[in-house]
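Novice: Residue-level listing of the chains:
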Amino acid sequence: MTNLSRRTFLKASATVVAAGSVPAYFGFSEFKKAATEESVKKVPTFCHGCTSYCGIIAHVKNERVWKVEGHPIHLKSSGRICARSHGMAAYLYSKDRVTGPMKRVGEGKFEPISWNQAFKEIGEKLDSIVKQYTGNSVLWLEHGTHRKSYVDRLFDTIGSPNFTTQYSTCFNAKTNAWLQMTGTSLNGDHKNAKYMIFEGRNFAGGIIPNGMNHITHAKENGAKLIVIDPRFSEIAKIADEWIPIKPGTDLAFRLAMANVLISENLYNKTFVQQFVDGFSEFKRMNMGYSPEWAEPITGVNADKIREIARDFAKYAPQAFIEPGWHGLHSHYVNSTQTSQMGIILNALVGNFYEKGGLMPSASLQMGHLDLPAIENMPEKGARIDGAGVTGKYRTVEPSRGIAHITPLLVQQGLAKAVFICNYNPLRTAPDPEEQKKIKDAELVVSINIDWNETSYYAADYILPEHYYLERLEHPQAVSGHISHDNPQLALRQPVIKPMYDTKNTLDMLKGIADAMGHKDLYPFTIEQEVEAAIAPLGITFEQLKKAGTLEFPATVKPGFPIKKGKPALPTLTGKIQFSADLFKIDGKLGIPVWVPPLVEPDPKNDHEFRLIHGKQPWHSHAMTTNIEQLMKLSEKYQGTFMWLNASRARKLGIKTGDTVTVRSNIAKKKVQVKVTELLHPEAAWLPSTYGGFSPKNRTANGIGVNFNDFIPIMVDPLSGSTMAQEVVVTVAKEGN
Amino acid sequence: MAKYGLLVFPERCTGCTACNIACASHNQLGLDVSYNRLEFLEKGTYPYVKMEILPVQCQHCDNAPCVSVCPTQATYKREDGIVEIDADKCIGCKYCMAACPYEARQLNEKRVPEKCRWCPEMLEKGEQPACSATCMNEVRLFGDLEDPNSQLNKELAKHEVYQLLEAKGTKPSIFYVKK
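Protein sequence lines, in the order shown, are assigned to chains S and V. Mapping the first sequence onto numbering that gives the first Met the number 0, position 430 (from 1) lands on 429, and the numbers just tick up by one. Mapping the second sequence onto numbering that gives the first Met the number 0, position 93 (from 1) lands on 92, and the numbers just tick up by one.
Everything labelled a hint here was simulated from the structure, so no lab data went into it. Hints are all accurate, no fakes.
Derived PhoX-like pairs (lysine-lysine); straight-line CA-CA distance at most 25 Å:
| no. | chain 1 | residue 1 | chain 2 | residue 2 |
| --- | --- | --- | --- | --- |
| 1 | S | LYS354 | S | LYS218 |
| 2 | S | LYS218 | V | LYS42 |
| 3 | S | LYS438 | S | LYS667 |
| 4 | S | LYS94 | V | LYS109 |
| 5 | S | LYS223 | V | LYS49 |
| 6 | S | LYS60 | S | LYS544 |
Partial list, computed: chain V residues near chain S (C-beta under 8 Å):
| no. | residue |
| --- | --- |
| 7 | CYS15 |
| 8 | ASN19 |
| 9 | SER24 |
| 10 | THR44 |
| 11 | VAL48 |
| 12 | THR133 |
Just so it is clear, CB atoms sit at the ideal spot from N, CA and C, and this is done for glycine as well.
Looking at chain S on its own, in the form it has when it is part of the complex (with noise of 0.2 Å):
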């Protein structure tokens, strides 16, 4: 940070850091004289910062990575990307890279060991779990899918059903409503629409970029948003009317503007009647939350969600409720309803499958490697879990499962084998104390390529992957978020050589495997499985190597499936099921009715708030945390401060740059904190990146907290979620 004392044009509170002296940016400035006159080489591929995997073209000069732009046909980024995306291709180059395959020989110290002495010890130490316990003791965590094939053959191979997203801690009561009552998951057509409703929803700050750049365009030809959050988020600084609902209530507001749309005949009865499945029997359950009863309980004036509802019928088709993620969409306990009023409001008002309204993701049918088959496999027992097991977590996604509860799985003596890839529990899961203990599995293997804190404090070995410029991945066909007619396929591929003795997950399965003595269990390598997946595709390796993202005709179109005349959603009926079949337990009918917060901060006690959070546009939660180019952004623009609403704060004597401690049942710790107007009273608002807390993530040691420090391991009943923001806490000054 500059000692400058910055002049403020805008007048605003700018506080100034002094840091201590740190190396040059990418440490390289011989490097940049040397190479100024030679030739850049343009490299494609995408992103890993976030799931929105941005198309970008990495800038190449002396077999050192530059910089980074968006790739111009990518509809993630369509030329243009996040803070983030630039900081994660510096980290290329961070000294704080795991160099080389690992092993723990103590507390916090690790020895390095060679990859074929780390593939015997890993995989006779598996094969005797599996002789011992069953496959079924045997857990793979990763931060999305991109690696499932692979461990699917070796968990065919040992009979493990217990493949992990870390979803349960972002999203899942999404995508589980969209299961269950459309079979399918549709994306807002930002482009076209008139009317788009944001509800605890910010791309902007968990970022899509050209997702930002449809959604500024539309504003200009007259497209109204309207941002529905307990903070000023990012994307509520460009809408129309930003709208401060108490945190937890946001069912209670779908739930009126639903009785507003029925009650007032401003829903589209044609689209009802020949697409919806369990109408009258929500409408009957609808009564009874009129506005009036919303507003108690939302804070938002009976007339103001009126106008909502009225302004969202009359823009239909070409308006949509945006169908969520992360924060209202996994972390209450009415999340779950909360999702399913979202997909009953569009339906309500006929937006799906309309241009400006919802439409679906293009996609692309690919090919695949013929693999012999496993022999022998073992029958899988159910996931250890619990999701999708009648009894435990019936109703929760078994393709997700539950990550944020393995240490319990642990202690039960259910998991005794973990391998946690491309993720970091114990820093982005609830109560990092009681994730710690995932350590007390008999095997734990971190894949990852920095010291996160799960390696530091769990893992008996360190396997280091390539770095993401460093390798190729199967291609991927891009979707989400964003509507698109047309398919796209996109490849990961290397930028420069990898710089240490890292390897991609497949030679690291293949090792494991091999030491198993499950010979030849993949028999191919990632080039072949690239040529097989786009032989159908009539297009060849070196140009899609050339192009890194390639555009097909489009193939989406307007229009409510339709098969022999009737509807052809993938559901029981074919239809919007208003009803989830899924969700009827408990003597329930599956219609989403008023389900109240877990918890509430007592109104009477001026300490007590509801701990929130959300995405910093410049990290990608603590996934960026340790980059020392971000930090500057953090450190730069007060990122690690909590926020707090003016007056709650003045009420407590707190000013912005104040210490507090800030204590939930399970925890006590200080942060500076924000005085702010661009938040709920109720609601105290951490971003999501903070608190790292492993001694060898240099740059992200000690910075901060994170709100997962505060919740303790809960699962929502319905998706499995985490449920991270019930939670009170209290604040006070420090000393008080």
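Chain S is already provided as a structure; the job is to place chain V on it using the hints.
Specialist: Quick look at chain V alone, frame taken from chain S:
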């Protein structure tokens, strides 16, 4: 000869700071140097509140105080309007830093008061500099003020604009769109 200008749409900015780091990457800046910044301002009282964001960088003034105070002509105005620094001529007196009312200059690791260069290597090719090229909301638009057909001139004709600290008579080359 081109005369470069920049139009900024502050209303579109959502504060993602991609401009900041894209510039730093492109120019390979030290961690502590930044050629542009965002200024944030809350207006009003909850719940009737909004936020304004102002992107600020070297204004490439036609009447640049940093140029007139430089004792060695290290800082000079190019014909195309860009204010440039010849680091070899700089004696590190920091007069330019004191003179700039926009506080656009920062000392780099070699004690040279650096600032936004307007990336002429991009402008000359008709491309947007890194800060603009990366911006998802198209907050910045660089272009040639002399070319009547430039996108910049077309947009300038459409909007009412203002400049920062107009009263100082610095004649900046950056125009900000009024709301």
